[in-house]
Amino acid sequence: MLYFFTSLYFGIIGAILALLMRVQLSVPNNFFLSAYYYDQAVTMHGLIMIFWFLSPIAIGLANYFVPLQIGAKDLAFPRLNAMSYWLYLSGGIMAVLSFFVPGGSADAGWTNYQPLAVLTPGSGTTLVYLGLVLLAASITLGSINFVVSIIWLRAPGMSLDKLPMFTWFILFTIIAMLFAFPTLIAAFALASSDRILGTVFFTSTQIQPSILWDNLFWFFGHPEVYIVLLPGFGIIANIVPQFTGRPLAAKNAILVATALVVLPLSFGVWMHHMFLTGIPVDLQGAFSIATIAISIPFDVITLSFVESMIRGRVKLLTPMLFVLGAVVLFIIGGITGVFLSSPVLDRVFRGSYFVVAHFHYVMVGAAIFSIFAGIYYWIPRFTGRMYNERLGKIHFVISFIGFNVLYFPMNFLFDMPRRIFTYPNIGNWALLNGIASVGAFIFAGAQTLLAANLLYTWFRGPPSPPNPWGSPDLEWKSQPVLTPSPTAPTDTSESPPAGGWIGQLATPASPATETHAAGAEHGEAHYSSRPIQLSFGAMIFLMGAAFYPGILAIGLMVIGGALFAVALGGWARDDLRHKFAPPPEEEGDRWPFQGVSKMKLGMWVFLSSEIVLFGSFLAAYIFIRGAAVTFPAPGSIHDIPLGTLNTIILATSGLTMFLAIQAIRQGDRRRLMQWMSVTFMLGSTFMGIKISEWVNLGSSGFTLSAPYPFNLAASAYYIIVGLHGAHVTAGLIMMVYLMKKTKDGEYTKESHEAIENFGLYWAFIDIVWCFIFPLFYLL
Amino acid sequence: MREFALALMYSGMLTVPPTVATFDHLLDWYLFFGVGAAVVVIGMLVTFVILYRDKGDNKPLPEHKTEGWKIVLITVMISISILAAAEYQTFASFSNIETPSQCSMVPDPCINISVLGFQWGWQFTYPNGKVQLTTEDQPLTVPVDKIILLNITSRDVFHSFGIVSLAVKEDAIPGRYNTLWFNDTNLGLVTMAIRCYELCGAGHATMVGNLSVVPYSTWQSEFGVNTTG
Numbered sequence: 001m002l003y004f005f006t007s008l009y010f011g012i013i014g015a016i017l018a019l020l021m022r023v024q025l026s027v028p029n030n031f032f033l034s035a036y037y038y039d040q041a042v043t044m045h046g047l048i049m050i051f052w053f054l055s056p057i058a059i060g061l062a063n064y065f066v067p068l069q070i071g072a073k074d075l076a077f078p079r080l081n082a083m084s085y086w087l088y089l090s091g092g093i094m095a096v097l098s099f100f101v102p103g104g105s106a107d108a109g110w111t112n113y114q115p116l117a118v119l120t121p122g123s124g125t126t127l128v129y130l131g132l133v134l135l136a137a138s139i140t141l142g143s144i145n146f147v148v149s150i151i152w153l154r155a156p157g158m159s160l161d162k163l164p165m166f167t168w169f170i171l172f173t174i175i176a177m178l179f180a181f182p183t184l185i186a187a188f189a190l191a192s193s194d195r196i197l198g199t200v201f202f203t204s205t206q207i208q209p210s211i212l213w214d215n216l217f218w219f220f221g222h223p224e225v226y227i228v229l230l231p232g233f234g235i236i237a238n239i240v241p242q243f244t245g246r247p248l249a250a251k252n253a254i255l256v257a258t259a260l261v262v263l264p265l266s267f268g269v270w271m272h273h274m275f276l277t278g279i280p281v282d283l284q285g286a287f288s289i290a291t292i293a294i295s296i297p298f299d300v301i302t303l304s305f306v307e308s309m310i311r312g313r314v315k316l317l318t319p320m321l322f323v324l325g326a327v328v329l330f331i332i333g334g335i336t337g338v339f340l341s342s343p344v345l346d347r348v349f350r351g352s353y354f355v356v357a358h359f360h361y362v363m364v365g366a367a368i369f370s371i372f373a374g375i376y377y378w379i380p381r382f383t384g385r386m387y388n389e390r391l392g393k394i395h396f397v398i399s400f401i402g403f404n405v406l407y408f409p410m411n412f413l414f415d416m417p418r419r420i421f422t423y424p425n426i427g428n429w430a431l432l433n434g435i436a437s438v439g440a441f442i443f444a445g446a447q448t449l450l451a452a453n454l455l456y457t458w459f460r461g462p463p464s465p466p467n468p469w470g471s472p473d474l475e476w477k478s479q480p481v482l483t484p485s486p487t488a489p490t491d492t493s494e495s496p497p498a499g500g501w502i503g504q505l506a507t508p509a510s511p512a513t514e515t516h517a518a519g520a521e522h523g524e525a526h527y528s529s530r531p532i533q534l535s536f537g538a539m540i541f542l543m544g545a546a547f548y549p550g551i552l553a554i555g556l557m558v559i560g561g562a563l564f565a566v567a568l569g570g571w572a573r574d575d576l577r578h579k580f581a582p583p584p585e586e587e588g589d590r591w592p593f594q595g596v597s598k599m600k601l602g603m604w605v606f607l608s609s610e611i612v613l614f615g616s617f618l619a620a621y622i623f624i625r626g627a628a629v630t631f632p633a634p635g636s637i638h639d640i641p642l643g644t645l646n647t648i649i650l651a652t653s654g655l656t657m658f659l660a661i662q663a664i665r666q667g668d669r670r671r672l673m674q675w676m677s678v679t680f681m682l683g684s685t686f687m688g689i690k691i692s693e694w695v696n697l698g699s700s701g702f703t704l705s706a707p708y709p710f711n712l713a714a715s716a717y718y719i720i721v722g723l724h725g726a727h728v729t730a731g732l733i734m735m736v737y738l739m740k741k742t743k744d745g746e747y748t749k750e751s752h753e754a755i756e757n758f759g760l761y762w763a764f765i766d767i768v769w770c771f772i773f774p775l776f777y778l779l
Numbered sequence: 001m002r003e004f005a006l007a008l009m010y011s012g013m014l015t016v017p018p019t020v021a022t023f024d025h026l027l028d029w030y031l032f033f034g035v036g037a038a039v040v041v042i043g044m045l046v047t048f049v050i051l052y053r054d055k056g057d058n059k060p061l062p063e064h065k066t067e068g069w070k071i072v073l074i075t076v077m078i079s080i081s082i083l084a085a086a087e088y089q090t091f092a093s094f095s096n097i098e099t100p101s102q103c104s105m106v107p108d109p110c111i112n113i114s115v116l117g118f119q120w121g122w123q124f125t126y127p128n129g130k131v132q133l134t135t136e137d138q139p140l141t142v143p144v145d146k147i148i149l150l151n152i153t154s155r156d157v158f159h160s161f162g163i164v165s166l167a168v169k170e171d172a173i174p175g176r177y178n179t180l181w182f183n184d185t186n187l188g189l190v191t192m193a194i195r196c197y198e199l200c201g202a203g204h205a206t207m208v209g210n211l212s213v214v215p216y217s218t219w220q221s222e223f224g225v226n227t228t229g
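If you read the sequences in order, they're chains A and B. Numbered by our numbering, the letters in the first sequence go through residues 1 to 779 in order. Numbered by our numbering, the letters in the second sequence go through residues 1 to 229 in order.
Hints listed in this document are in silico derivations from the structure and should not be mistaken for laboratory results. The model shown is predicted, which means the values in this text are computed figures rather than measured ones. Keep in mind that the hints are not guaranteed to be accurate.
Label pairs and their computed distance ranges (CB to CB) [as the list claims (entries may be wrong)]: (1) B:47 <-> A:256: 22 to 32 Å; (2) B:36 <-> A:252: 23 to 33 Å; (3) A:1 <-> B:191: 36 to 46 Å.
By construction, the Cβ of each residue, glycine as well, lies at the ideal position given by its N, Cα and C atoms.
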């Protein structure tokens, strides 16, 4: 719930920025905000709303209700969850802080089109970028946690076909996040390194860096739209039956459509953001078809929501009103989206207020209205009290009217460019903008009613019946404590005596216990201070990096780095001392992953996102190689025999790691130790050769300031190979830790999960090198 | 601006340039399908809410099938047919927005003008080598009833060159040359016809230009290549 309230806080910041913009645009030739402040407002409004409000608010709800819905005690990895939250907050602090540094915050639009964004002076933009990298890291950790929880922690009897729709859609969202966000990390890491280190990924004019950025950004950016939207659809699908009195129409069709069409296709439509960049007409046609095709599953989903009312008994209570509002707004936003899928119509609509209207209908209309529905629906479960129905209905009516007054006029502003800070009094621009600004204040004002209703419910609301909506879902089988302490919102629920929530369940696990009830040793995991130390360490370090160069920057980097190291060491020490014993694992419904352990599943999920991360970097490299007319010939820079030797060394270390695993599988701890030592030596040798190569390259003039194309080759080499080197180094550090544990007699034939998982990680690093070596040395 | 121009066109005072005709024709199709679909679906939603609202009686509800694959199939079929029809229209008009084929013929009847975007303005290079920056009294000047081919790039950051009254737009990207064409059929000066459609820094809002359409002979004497000598 901390997540939920933090995201509301960021939502308020984003809304204030939006109101500032609407004030500026309310009349023509206005100078309330200068272009300098307007551009910051428009950029940070987008970034904060999308990354620090919309996604996290859904994740906040999911954090509370997914474990309840699947009958788990908590998420799979509590400390990972804490880590995810603190990273999210750290990134947000950096983003907000950026307003107060000289030169102001990022101001190149939330899309950060290059090379404008890397050329913007000041450390504000860098702060935002590194904040985004932290946020993306937070999302990746959170995603691993949710995937493993949803497939591994389900209570007995909670088979996939009984999984509530909200949990299903959170699973879909998380999967999209898992594969989309690594590309965001790659894009903003490259841009940050341009800004800090002076690499030339987006400043080299020879390789059309704008196109490289567009591809990276939108490969992430389009799935992000669905990441924002899908939790809302999950809420709708979850709660509609309770208000229509009949089951959700075509439930399985919705699941199939989302899993098999929306998810994969969302990664195959990104070029519709690039119709006018001069891509070939055939590509425009292909992406137009893909884009229009992705609307078909949404037709199925929308119509199924509508059909779910047929022959039902529709109760127009506040949650249902917001559901209906979300569906209507989604229909409008979806259809304008079909307009935008046409490359020909895009010749007029691109970069205009028509686009602004479209994505606000989807990302504000559909997503936020359905999240409001979720808030009203679940607040009785959360507080044990009922919200005020009349106030809720008034909130809906004013929100719906305000929203349409705000955004509908923008559909007619298709000749007005987005992101202009002021405009002349021509045509109907003044009239339409004036109406929109009035709408903005109506819509924003309506949200005070939501705040009032939440506060009222919290402190004064009448006690709610245990299951006010007659829901079959598991979260309503447990009861919150009626008088919650507002300072500790997450700890308000108790575990009721386990009751059979579905008749056929033989031994229901006590559903929905929160941290306190789950037992001291488990609950304590939440109170580890390591995640917050790690996150703030990383944050301070990256702040220093953003201010680089300078004494303040170095100081911050040293402090941050030290805090990070101390926290990491402390975490390892806690583990060595068994401070946090993992709770005993219970039997659950894990199809189709019965045979896989929790940690291993987590490692696989993590590695799959790592594949996308390296894939994005390597794709960027391949793009650069394709776009650069001249490039240093193979062998002219890198020593191929030395590289080959190093490849053999790393490959051999993969083999010895495998032998180490084989040893412990047979229970031979001594041989495990021996093979791990060999692996460690080989890995260190690899890194040693690597460092000597770097020193040689650096001293022979292969630097970032070398003339083109050597600066480009150097940028790509140092950053991408450096990323791999960092992974190897992390692996070596982990190996030290594992060897220490081996020496303490930790691992046995039956229990050596950590070794197995490390083996996976090490093998992955080897495989990545098998791609890097030919790409950088041989081609 | 465009509404005003359109109103004049429909009242017969102006003729419709081909790029605008293509856009309007296609937009009509999309509006027909889009507004139609919205009205039908939102209409269904409202009808169902009214028909099946909670009337306070406690009659038991009829049994419901949980799966309606038949309805799903119908939804998909209808969606595909509407979307395919719309997409067909897009593809049919695609050829109209590509570079006209006669421009590759010799002698070249198309007029090539280079457009360079910069922070913050546009620079035009005419066939006779004359270079002009956009100012209030230096519009982009083109001859009437001729195919104009703009070769667009940028000197610094990502811009997007658009003349919405002619329904054309193309990104101006550093290191990359993109083309668009139009054929303006109406004489006259259109103020602020040219705008930048991608945020390009503090001057984005002021990156505007006028468009002046003049008779061919006038244009030829000032900007054209003098073929006679």
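Each hint, compared with the structure:
1. B:47 <-> A:256: 22 to 32 Å: holds (27 Å)
2. B:36 <-> A:252: 23 to 33 Å: holds (29 Å)
3. A:1 <-> B:191: 36 to 46 Å: violated (55 Å)
Violated hint: 3 only; the structure is consistent with all others.
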